[in-house]
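Q: Chain by chain, the residues run as shown.
2 protein chains.
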Amino acid sequence: MLEQLFYPKSVVVVGVSENPENLARVIAQNLFEFQFNGEIFLVGRRRGILFGREIYPTMEHLREGIDVSIILTPAHTIPEIMEACGRKKIRWAIIESGGFSEYSEEGAKLEKEVLRIARKWGIRIVGPNGIGVINLENNFVAAFPPLNRKIIRKGKVSLLVQSGGVSLTYLNLLSSANIGVSKMVSMGNKIDLNEIDYLQYLIQDPQTEIIGLYLESIQRGRELLEMARSTSKPIILHKANIGETSKEIAKLHTSALANDDHIVETALKQADIIRAKDFRSFINAVKVLSLPPMKGNDLVILSRSGGIAIIAADSAERYGFRLFPMKKSFQERIHNYFRAKVIKPTNPLDLGDLFDFNLYIKILEQVLKIKGVDGMIFQHAAIGDEIQPSRRLIHTAKELSFRYQKPVAFCYLTEEEELAFIKRTFDFPIFTEPEDALSALAVSREHYRKRSLSKEKPPDYSVDFNRAKRLIRKARKEKRDPTLPEALEVIRAYGIPVADYQVIYRKEDLTKAMGKIGSPVALKFISKEGIHKSDIGGVALHIDQIEKAEEVYDRMKRIGSQKFIGILVQKMVSEGKEVILGGKRDPSFGPVVLFGLGGIYVEVFKETSLRVAPLCRDDAEEMIFEVKGGNLLKGVRGERPSDISALIENLLRLSQLMVDFPEIEGIDINPVMVLEKGAIAVDARIILREGS
Amino acid sequence: MLEQLFYPKSVVVVGVSENPENLARVIAQNLFEFQFNGEIFLVGRRRGILFGREIYPTMEHLREGIDVSIILTPAHTIPEIMEACGRKKIRWAIIESGGFSEYSEEGAKLEKEVLRIARKWGIRIVGPNGIGVINLENNFVAAFPPLNRKIIRKGKVSLLVQSGGVSLTYLNLLSSANIGVSKMVSMGNKIDLNEIDYLQYLIQDPQTEIIGLYLESIQRGRELLEMARSTSKPIILHKANIGETSKEIAKLHTSALANDDHIVETALKQADIIRAKDFRSFINAVKVLSLPPMKGNDLVILSRSGGIAIIAADSAERYGFRLFPMKKSFQERIHNYFRAKVIKPTNPLDLGDLFDFNLYIKILEQVLKIKGVDGMIFQHAAIGDEIQPSRRLIHTAKELSFRYQKPVAFCYLTEEEELAFIKRTFDFPIFTEPEDALSALAVSREHYRKRSLSKEKPPDYSVDFNRAKRLIRKARKEKRDPTLPEALEVIRAYGIPVADYQVIYRKEDLTKAMGKIGSPVALKFISKEGIHKSDIGGVALHIDQIEKAEEVYDRMKRIGSQKFIGILVQKMVSEGKEVILGGKRDPSFGPVVLFGLGGIYVEVFKETSLRVAPLCRDDAEEMIFEVKGGNLLKGVRGERPSDISALIENLLRLSQLMVDFPEIEGIDINPVMVLEKGAIAVDARIILREGS
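Chains as they are written, first to last, in this note's numbering: chain A, 1109 to 1800; chain B, 1109 to 1800.
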């Protein structure tokens, strides 16, 4: 659907002048320099000639139906220009000006106005406040910073970048690493088109094989996840704006709202989006994904230096690789190659004082031929006379890597200029230190491992949906959250076991209720108002005498005054391990399920795990053991293990509930007691979305 | 003392030939190329002429008293050459050959032989199995890889590197970053001289301002710590050989024994040795230390890109910096500079579409002038026409950084070749991404913070040293470890409170003992043999009846048979929080004190903290709260806090005990019960060193 935006037949650049400091002028310059294969029109306040083309003083001089307008004029002039675009039947506007919501409230109003006009005319907007759009397939380079045609190479990586400066940085870093680019959008404030729209296009785009994203906010997280799951193209995301302080400037910068980073982290993992924590790891990920995949965990390290082999082995262990154990026969074969026999053929293989490049190639190929070997690091270093043969070595390493379809992560330590030359001219990624190469190989391994798993489906339990719906609808109608018994009924309707209880509205019913449930009981205050009952003394535990119960009843009724509507008499569950289950609705990623240990653990260790719903069984199990204390449930010090599968089932049912009811803002099931057999909810609270 | 080694007046290179592939020949070549300012002699098997000098066929042709011999011949020839060196009164040998203990058992024997001969003649050895020694002060470049005089620059960083390949890598990386080197030793197998000897020299060396170390093993850790504490020169250590797999190759490589990395990590922190985890962070640390110090925590970020400002702010938060809040007046002053007012002057300050380099300099200086600002990141990006003015900007940034004595970490994103040029030719460190700059500034901040602290002294408690000594001596005499009551007495002699107990050897004494101590009691098996008493049922808790106690006595006597010598009747301490105190003797770092929570915490969370003894109060306190569960001692859920200062005192007394008795291999005080008032040891075990 964005075909016309990326492949326009005609464009107009609005805002140009003959003044050499004019910024829009550079847009035109880039289009001419890269030899854009479409028609170019120019509009500016003053008539003139630029690059052999007339500058029209208004849009009115243009013919109708130009495909794309690229606008870089002061913010306050944009609404009028958009009207003019509309009249001229232009359907795409790339607005590169700043001064909108990222700058001031006035700017925010202006932004709304621009969007309103666009909607009226059916114009789609890129930006504002980005540096533009680049497509190297047709040399549509509509960006205002001056770009160098010799440096930016066409290739298979497409980029969606929120910030202008970061767009340039990535263009530059990719070029330096000799990684070609297909398309790039500097998305800016994303008032209309956003990453989801562009992503949809790039996933279909045959020229794009790897997608890189830089985002300061994820506003449609759920769609992002779905999109990532729908494609086999690797998606690498550099998400900034994580900290408290950066939130503040991000707001100024591209009006980005910060996300809860714990949710972001988990969600991206669930959808196999590769997260890059900085520029370097982004580039390393792109590099490794342009090599054959690392299909397993068995690695060989070849190194010209024993010391660097050790450093590489440290890194390999850090990233969980196994150093493939070389068979004796292979060792002997290699051993015979060595001129001076002062080095042992092991893995890592220290090529030490072997100064024979042909031998390196022989060994490299022998290693790649071994069936169990999944990939390799070749740690090379050269200066002076060895620089020339090293270039040949790199060529061969590339050829062998692709012939045997195994990644050879080539680390090369040499003079900086030579490295720059190699990186720019060889179509093969070069790493500079083992840590980079190994972290990258780990990215490849994880990516292809996840891709090869047949994704388990979330279970679909048969539940009493209608009962839950009735309860929730009733509360909503009365503009309140569900009461304690309603909340317990909702989760029970979804098959989560709840400790036996009775609700009573009169003190006289206490005896009967206690008789039915059996002592000891817990007594809990019921109200229609959202109050923390334990804060006001609304919970009494271990009550086993009716006199005591009556006393409690009176006290609760007294403290609660009008808020009091009754008492919940509940079976005490004292044994088992306390855990907390929760659900919340993230504005970007939608329903999320949480897990944590209860009691002192949550207070002291403050650990919780979470997953974006719906969960499948593996997710639920991982959640439990992601929390360090999760192992307590397996039984320590001779205790019998707790019923972990019952707990998993509760998590899955909670996930289903969160997915089924968008009306629910949050749920707290705290605690759930995990017994030797079964896992029983003792308390629950449900918060509905306001105005839902 | 190593003066003559680094500044020889005459040297002989042994092993040279006219053959262009000969390695020793390159040593001579380097000496000539760098214009070593001393006399050079050459020895090789065949007579010949090399670089205008005669090659002598044996050492016998040399005059007596040449300062240093540099040897690169097959390993088996070295003993004979060493004898010849001895006879010729040469006092220093740099052995660059491999094939010793790193290669085979035979090589290990050879190594011992070489060392024996050296000792006989009073020769000190560098290596073997390194690439040599470099001193750029007198151009003594005695290394066998061909080095480029144009690339390696003289400066103030000295390096001690265990591995040859890593030596070259560091030389190369430092050159690329335009960091000058004073001296470098490739230490190899360190059979004689090791890092401690070299370090001692470099600390005194007026040309060395920063010391960099690469080690695969730390064999004299305690001395390393003492040395680091004795100097104000920053020491940066890249310690490799951390993982299980790398241990194996390190052994092959330079015969390095791996250290327990947890101890290494802590010990280095205690001595303010900066630990670099990889090449990059080593270089970043060197870079930042060549800037003025980061004396506080208040940072300003200036950036040409709002997006990269956000990335920098994320990193700043990650490293605990505060973004200095700009005063309104400053904001206004800056605001007036802006041509197009589309950017808000805040911190980070987004220089956005300000395209005026003079203005950058003005703002930079204004910011450095602000009193509360401790340092700055300047995030710059330029291509094309902006490259020239950027060079001037960098010059000025350097000048201002030194004028105001505040670090300006300059991040520069530009074309790779330009970056290589700048890095090589400017005497000012350039960072490539915010993450690097901020991690480096954090290194500077921590280093100068620690330097500015007046180091607290470990306390010196008055203890009953003689009593402890008597007990330990008695056990050693009998070639056994102390019994349970002896161990309890030893720690009690050091002032660690122990739960009341009586030792009885006859069942008849049970009643009296229980009467004296008061029920309930714990009964514990006493033996002279090192057995885990709880494994054999040798511990009975909560005994409050004499009949029960007698039954236990009989049972323990029966199961213990000859090993049984008596029973310890001890007051039960049931309240309080269980913690574990321990001591162990690290072969490299000496006495170490450990702390952990007891009970299920140690099993599930497996957290312990440690410090190299002697501890001061702050160390002990940090240890307790380094363990996540340490907060339990502060009291959670309304509990009263435990007596943390009593616990600290126990740790300090244990530290003193470990320091006073080198005979002790390990101590376990498990558990100590930390009460509301006091912290009491309930059980203790002491292991003595074998043959000590």
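Bear in mind the hints are in silico, worked out from the structure with no lab data behind them. Among these hints, one or two may not hold up.
In this list, chains with the same sequence are indistinguishable; a pair is considered to hold if it fits within one copy or across any two.
[To be verified] No more than 27 Å apart at the CA atoms, straight line, and that leaves these computed lysine-lysine pairs for BS3-like:
{"hint": "1", "residue 1": "LYS1620", "residue 2": "LYS1506"}
{"hint": "2", "residue 1": "LYS1736", "residue 2": "LYS1385"}
{"hint": "3", "residue 1": "LYS1377", "residue 2": "LYS1641"}
{"hint": "4", "residue 1": "LYS1582", "residue 2": "LYS1479"}
{"hint": "5", "residue 1": "LYS1714", "residue 2": "LYS1736"}
{"hint": "6", "residue 1": "LYS1403", "residue 2": "LYS1436"}
{"hint": "7", "residue 1": "LYS1217", "residue 2": "LYS1436"}
{"hint": "8", "residue 1": "LYS1117", "residue 2": "LYS1196"}
{"hint": "9", "residue 1": "LYS1477", "residue 2": "LYS1615"}
{"hint": "10", "residue 1": "LYS1585", "residue 2": "LYS1477"}
{"hint": "11", "residue 1": "LYS1220", "residue 2": "LYS1479"}
{"hint": "12", "residue 1": "LYS1714", "residue 2": "LYS1742"}
{"hint": "13", "residue 1": "LYS1577", "residue 2": "LYS1264"}
{"hint": "14", "residue 1": "LYS1671", "residue 2": "LYS1615"}
Note that the coordinates shown come from a computational prediction; the quantities given were computed from them, not determined experimentally.
Q: A separate judgement is required for each hint: does it hold in the structure or not?
A: Now the hints, each set against the structure:
1. LYS1620 - LYS1506: Classified as neither: same-chain Cα gap 81 Å, cross-chain 84 Å, threshold 27 Å.
2. LYS1736 - LYS1385: both (24 Å within a copy, 26 Å between copies)
3. LYS1377 - LYS1641: So LYS1377 and LYS1641 fail the 27 Å test inside a copy (37 Å) and across (48 Å) alike.
4. LYS1582 - LYS1479: Classified as neither: same-chain Cα gap 65 Å, cross-chain 62 Å, threshold 27 Å.
5. LYS1714 - LYS1736: both (10 Å within a copy, 10 Å between copies)
6. LYS1403 - LYS1436: Within one copy, since 24 Å is at most 27 Å while 57 Å is not.
7. LYS1217 - LYS1436: between (74 Å within a copy, 26 Å between copies)
8. LYS1117 - LYS1196: This pair counts as within: shortest intra-copy Cα distance 15 Å, inter-copy 86 Å.
9. LYS1477 - LYS1615: neither (82 Å within a copy, 74 Å between copies)
10. LYS1585 - LYS1477: Result: close neither inside a copy nor across copies, 70 Å intra and 62 Å inter.
11. LYS1220 - LYS1479: neither (61 Å within a copy, 42 Å between copies)
12. LYS1714 - LYS1742: both (20 Å within a copy, 15 Å between copies)
13. LYS1577 - LYS1264: So LYS1577 and LYS1264 fail the 27 Å test inside a copy (49 Å) and across (75 Å) alike.
14. LYS1671 - LYS1615: within (16 Å within a copy, 67 Å between copies)
Checked against the numbered hints above, the structure violates hints 1, 3, 4, 9, 10, 11 and 13; every other hint is satisfied.
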